[in-house]
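A.B. asks: Let's have the full structure, built from the sequences with the hints guiding it.
In case you want the letters, here they are:
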Amino acid sequence: MAADSSFKIVIVDESPIRAAILKEGLQEAGFTSVEHISEMHSLLARIYALDPDVILIDLENPSRDVLEQMFQVSRAVRRPIAMFVDQSDATSIQEAVEAGVSAYIVDGLKKERIKPILDLCISRFNAFAKLQDELDRTKSALEERKILDRAKGILMKMKGLTEDEAYVLLRSTAMREKKKIGEIAQSIITAAELLK
Amino acid sequence: MTDKPLRIGFIPLVDASALIVAVDKGFTAAEGLDVTLVREVSWSNVRDKLNIGLFDAAHLLAPVAIASSLGLAQVKVPIVAPFNLGLNGNAITVSPSLHAAIMGEADGDPADPLVTANALARVVAARRKTGAEPLTFGMTFPFSTHNYQLRFWLAAGGIDPDEDVRLVVLPPPYMVDSLASGHVDAFCVGAPWNSIAVDFGVGHILHFVSDILARAAEKVLAVRERWAQENPLVLAKLTRAHGRATDFIERPENRAEVARILARPERIGVDAEVIQRTLDGRLKISPDGTFRESDRYLLVGREGAGRPDPVQAAWLYAQMVRWGQASYSADALAAAKRVFRPDLYDAALSGPAAPSGNVPDGIGAFTGGNFDANDVASYLSSAAIKRRPT
Chain A
0 MAADSSFKIV IVDESPIRAA ILKEGLQEAG FTSVEHISEM HSLLARIYAL DPDVILIDLE
60 NPSRDVLEQM FQVSRAVRRP IAMFVDQSDA TSIQEAVEAG VSAYIVDGLK KERIKPILDL
120 CISRFNAFAK LQDELDRTKS ALEERKILDR AKGILMKMKG LTEDEAYVLL RSTAMREKKK
180 IGEIAQSIIT AAELLK
Chain B
0 MTDKPLRIGF IPLVDASALI VAVDKGFTAA EGLDVTLVRE VSWSNVRDKL NIGLFDAAHL
60 LAPVAIASSL GLAQVKVPIV APFNLGLNGN AITVSPSLHA AIMGEADGDP ADPLVTANAL
120 ARVVAARRKT GAEPLTFGMT FPFSTHNYQL RFWLAAGGID PDEDVRLVVL PPPYMVDSLA
180 SGHVDAFCVG APWNSIAVDF GVGHILHFVS DILARAAEKV LAVRERWAQE NPLVLAKLTR
240 AHGRATDFIE RPENRAEVAR ILARPERIGV DAEVIQRTLD GRLKISPDGT FRESDRYLLV
300 GREGAGRPDP VQAAWLYAQM VRWGQASYSA DALAAAKRVF RPDLYDAALS GPAAPSGNVP
360 DGIGAFTGGN FDANDVASYL SSAAIKRRPT
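Chains as they are written, first to last, in numbering that gives the first Met the number 0: chain A, 0 to 195; chain B, 0 to 389.
A portion of the hints provided could be inaccurate.
Unchecked claim - Residues of chain B clear of chain A, computed beta-carbon distances all greater than 10 Å: (1) Lys24; (2) Trp42; (3) Tyr173; (4) Arg295.
Stated by the list, open to error - Cβ-Cβ distance ranges computed for the label pairs, FRET-style: (5) Glu59/A / Asn253/B: 31 to 41 Å; (6) Ala44/A / Arg127/B: 19 to 29 Å; (7) His40/A / Asp159/B: 43 to 53 Å; (8) Glu97/A / His182/B: 31 to 41 Å; (9) Glu97/A / Ala346/B: 44 to 54 Å; (10) Ser285/B / Thr172/A: 54 to 64 Å.
In short, the hints are calculated from the structure, not lab data.
Everything numeric in this text was worked out from a predicted model, so none of it was measured.
Think of the CB as a built atom: it goes at the ideal place given N, C-alpha and C, for glycine as much as any other residue.
C.D. replies: Structure (structure tokens):
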């Protein structure tokens with residue numbers, strides 16, 4: 000592994016958080032030379048200047064097509080190839096696509112030397128996706144909480160209920176109509192706005 | 000009975016209209032197919048997901064299908080195209096300052112691509128004299144019609160596309176910004192991006208690609224050859240649904256509805272009015288409001304546009320060789336032609352093949368004489384500007 004730490008790795012990612020997570024993981028694994036590019040203008044020029052051994056880019060980044068141009072440039076000292084060019088490890092490729100990562104590797108590097116980088120990438124990308132998912136869920140839970148509070152407020156004001164009574168009314172209506180309590184709360188808010 | 004669900008990838012461009020309408024207007028469902036369209040952000044993604052089997056079919060750049068089949072700069076996965084998703088549809092847009100410079104040098108009718116190419120050559124020479132940076136042209140992919148169309152036009156004016164100017168890959172959604180910010184001086188791209196540049200006042204449409212080539216295969220419906228062999232009935236149904244969809248799109252009274260379908264955020268996601276302009280072939284070409292109308296701007300299905308023509312594949316392969324992406328061999332030429340499969344089209348869509356318009360060699364290039372798909376070698380040796388394969 001000692002020689003591998005000299006690999007120069009470039010992360011092309013518009014998400015600074017995911018790039019940081021990835022960079023940290025790579026550095027912990029002993030890859031000390033990791034650069035992050037977040038600016039897509041003059042991407043090729045920056046990559047040529049850094050002259051990396053491995054380029055990691057997320058599959059949702061349209062600039063993947065820009066990287067493909069590197070195959071064409073005969074003047075470039077070293078030509079990277081897409082990970083997908085080597086299909087001998089179909090499982091890895093499948094996992095990478097599912098995680099949403101793709102790698103470009105300088106032609107001639109041995110697959111075994113790249114494997115740990117790619118595996119780390121896949122697991123970090125997955126971890127990031129999970130984090131994002133949790134964040135989204137927390138956000139929507141908070142949203143629902145706010146909606147519920149507003150609906151309770153409307154019921155309390157219009158029907159002279161206490162907060163607990165308003166909640167019970169919302170809940171029982173949701174159960175009766177086989178709907179989520181959030182949906183009932185939302186329709187109360189909508190109705191109240193219409194009747195304003 | 001419904002067949003197993005199909006996943007089909009596409010890039011949000013107007014030339015995906017046959018595919019999008021086939022699915023969203025229910026032509027695939029009528030054939031008993033359950034299709035999910037997956038919108039993608041890059042041609043690399045579409046190619047890779049098709050090649051490794053995550054997509055059953057895809058809206059794909061015609062040259063990528065050929066490059067994939069020949070194993071050029073990517074893993075070799077034989078691809079076949081049973082349906083051509085359209086002819087033409089691209090345009091060359093230039094910045095206002097480059098437009099003014101070309102018009103200042105134009106000696107003749109600037110609607111003639113030879114006049115503009117010669118004018119551009121003089122602009123390039125003048126810039127070189129003053130030590131200015133070379134002009135930069137954006138295109139969408141190394142193996143793209145846009146790349147070859149730009150090169151064909153530039154070379155006709157005596158401009159070496161690799162030495163005298165810079166050609167850079169830009170994802171289509173970045174084209175307009177890059178033109179506005181001066182990162183590129185011009186670009187060649189499909190709809191709706193040329194129109195959007197004009198609407199924002201940052202570009203002039205200099206040429207429709209149909210000025211350069213009367214018939215240019217653009218995107219194809221691509222499937223893995225092996226998948227085609229294993230699923231002949233599903234393939235025929237899918238091809239038929241595309242035929243129905245193009246018939247629908249080509250009827251002028253349906254255009255507004257088609258534009259609305261394509262405009263939806265999960266499809267192309269731009270204003271329906273802009274999309275309709277490109278379907279109608281009536282484009283605003285200048286920020287001052289000048290419109291230009293052409294019945295050749297984009298052929299979705301008329302003039303036999305849907306039927307894959309191996310002559311088109313041969314022309315594209317010839318460009319790959321001309322520009323050093325492939326070396327010439329008779330076998331590779333034959334393999335490239337086999338990507339375009341009129342036989343699969345004919346098997347699915349009975350009836351006589353539609354007339355192919357008044358274009359004797361099937362290409363109709365504005366210069367360089369007739370193209371002979373059976374004699375690509377001498378076509379290549381007659382080209383003045385070309386690359387040697389690396």
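A.B. asks: Decide, hint by hint, whether the structure agrees.
C.D. replies: These are the hints, each one checked on the structure:
no.	hint	in the structure
1	Lys24	holds (28 Å)
2	Trp42	violated (5 Å)
3	Tyr173	violated (7 Å)
4	Arg295	holds (27 Å)
5	Glu59/A / Asn253/B: 31 to 41 Å	holds (34 Å)
6	Ala44/A / Arg127/B: 19 to 29 Å	holds (21 Å)
7	His40/A / Asp159/B: 43 to 53 Å	violated (26 Å)
8	Glu97/A / His182/B: 31 to 41 Å	holds (34 Å)
9	Glu97/A / Ala346/B: 44 to 54 Å	violated (35 Å)
10	Ser285/B / Thr172/A: 54 to 64 Å	holds (60 Å)
Of the numbered hints stated above, those contradicted by the structure are hints 2, 3, 7 and 9, listed in ascending order.
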